Every structure is written in structure tokens, then in C-alpha cells.
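Heads up: the sequence lines are chains A and B, in that order. Just so we're aligned, residue 1 is where the first sequence starts under this note's numbering, counting upward by one. Just so we're aligned, residue 1 is where the second sequence starts under this note's numbering, counting upward by one.
Hints may contain errors.
[To be verified] Distance ranges between label pairs, derived from CB positions: (1) Asp59/B to Lys69/A: 23 to 33 Å; (2) Lys53/B to Lys69/A: 35 to 45 Å; (3) Thr86/B to Ser68/A: 36 to 46 Å; (4) Leu75/A to Phe20/B: 19 to 29 Å; (5) Ser82/B to Phe109/A: 32 to 42 Å; (6) Thr15/B to Thr20/A: 40 to 50 Å; (7) Gln9/A to Asp59/B: 12 to 22 Å; (8) Asp59/B to Thr20/A: 22 to 32 Å; (9) Arg80/A to Gln107/B: 15 to 25 Å.
[Said to hold, decoys possible] Over the 10 Å line for every Cβ pair with chain A, so calculated as not near, a few chain B residues: (10) Arg14; (11) Thr15; (12) Gly16; (13) Asp26; (14) Met27; (15) Asp28; (16) Gly58; (17) Lys71; (18) Ser75; (19) Leu78; (20) Ser94; (21) Glu102; (22) Gln107.
Quick caveat, the hints were computed from the structure, so don't treat them as lab data. Owing to the predicted nature of the structure, the values given are computational and were not obtained by experimental measurement. Just so you know, even glycine gets a beta-carbon here, dropped at the ideal spot from N, CA and C.
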Amino acid sequence: SQQGEEDPQALSIQEGENATMNCSYKTSINNLQWYRQNSGRGLVHLILIRSNEREKHSGRLRVTLDTSKKSSSLLITASRAADTASYFCATDGDTGGFKTIFGAGTRLFVKA
Amino acid sequence: DVKVTQSSRYLVKRTGEKVFLECVQDMDHENMFWYRQDPGLGLRLIYFSYDVKMKEKGDIPEGYSVSREKKERFSLILESASTNQTSMYLCASSLVKLGLTEAFFGQGTRLTVV
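Generate coordinates for the entire structure from the input sequences, incorporating the hints supplied.
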């Protein structure tokens, strides 16, 4: 079964709006990561948050982590058409970092 | 920059053929992974390797095998390709350091089995 489950499965917004995606996971983790995938391409790492962190920022990205609820959220502020992509959360589960386990992803469409 | 290179972007093979998918990384990473990606299912781990000649089964290893003879190269083998192995295959590598496990991906191989 998948470790990460993203919500919503798909999201359509206007350029300039904020986009929020959520991820829930099942086991204890050392860290949680978010990746982006443009259509038909490999995944690109966006941001990593450790289990002892609650919030992290990188440019227009803001990630929160709530280990008590086993959930994380990714906020993209002031979205652009170029942000159109699929977004995946991934965790190392309880494998000590030897496995990276992905969810099914959220498909984000930003309309110009 | 880390580079992970997969040998083919697109591949068409016949049912029953033995198929090799090659992946090479240039950053001396210990860990390498093979995933397959299907619509609505995210990335599912087929096999991974944390050292030369070491391999571990992922969540869906059936019908696949792997080879890691050199640190930089990780091959995925479909022993006898079947139509249900038509998918996007993604290779990744990572350096496990102090629990930081950022993975770097290749561009993917879209395999069609006819």
C-alpha cells in the first residue's frame, strides 16, 4: 500500500491564486519530501522537511508537517502557469532512508 | 549537478522478449531505485539497491530482476515482457546522509509491450 496519499487528486486554479495540496502518511518517518513532475518527465525534488520541523519555506513554496496527524501540506503562493504539473509527497517510511515511498500525486493546473 | 541518465526515452518491445532498461548516475550515490508509474497509482517501487551487488525487492518485484555490477549503473530486466508491463519506468539515485534522502530522477523510459 502507498505510504503517502495526496489530496486533492486534481486542482485547477487561476494564475495568481494560491494552491494547497495535502499529504497523509501511515508510518513514522525521518523526513518528508515534495516533488514536482512535468508531463512525461522525471520528478524534480522541491523541498525536504525533517520530522522535527514544523514548517519550511523555499521561494513561493511553504511546507508544513504535523507528525501527530501524520500529514503535510504544500502551499504554492502566487501560482503561475509554469507551476502546472503533478506534485508528489514522499517519505522514507520506517526504512531508515533506504526507500523513498511516493503517493499517487496531485495534478495541478494553473490557468493563465 | 547530479545527473541520472536512462538509456531510452521510448521503447517498444514484443511480448515474451527480454528487456533491459539501463540507468547511470554520476554522483557516486549509494542508493539506486527503479519505479514504475501508472495513471492514478503514483510511483511504485520495483527494486532498489543500496550498494554494489546488493538488491532489495520493492513493492512490485514480480516479473522483474535487477543488476548492479558497478556503483554508477543499475539495470532493470524484464525477463519475459508482458503487456501489463507497459508503463513509464523511472530510475532514481540518492545519497543517504544523516537521514537526508533527496532522490534524483532520470527522465523516464516509456515502455510499450505489444
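Quick rundown of the hints versus the structure:
no., hint, verdict
1, Asp59/B to Lys69/A: 23 to 33 Å, "25 Å, holds"
2, Lys53/B to Lys69/A: 35 to 45 Å, "41 Å, holds"
3, Thr86/B to Ser68/A: 36 to 46 Å, "41 Å, holds"
4, Leu75/A to Phe20/B: 19 to 29 Å, "42 Å, violated"
5, Ser82/B to Phe109/A: 32 to 42 Å, "34 Å, holds"
6, Thr15/B to Thr20/A: 40 to 50 Å, "44 Å, holds"
7, Gln9/A to Asp59/B: 12 to 22 Å, "20 Å, holds"
8, Asp59/B to Thr20/A: 22 to 32 Å, "28 Å, holds"
9, Arg80/A to Gln107/B: 15 to 25 Å, "23 Å, holds"
10, Arg14, "23 Å, holds"
11, Thr15, "24 Å, holds"
12, Gly16, "27 Å, holds"
13, Asp26, "15 Å, holds"
14, Met27, "13 Å, holds"
15, Asp28, "17 Å, holds"
16, Gly58, "7 Å, violated"
17, Lys71, "16 Å, holds"
18, Ser75, "17 Å, holds"
19, Leu78, "20 Å, holds"
20, Ser94, "7 Å, violated"
21, Glu102, "5 Å, violated"
22, Gln107, "5 Å, violated"
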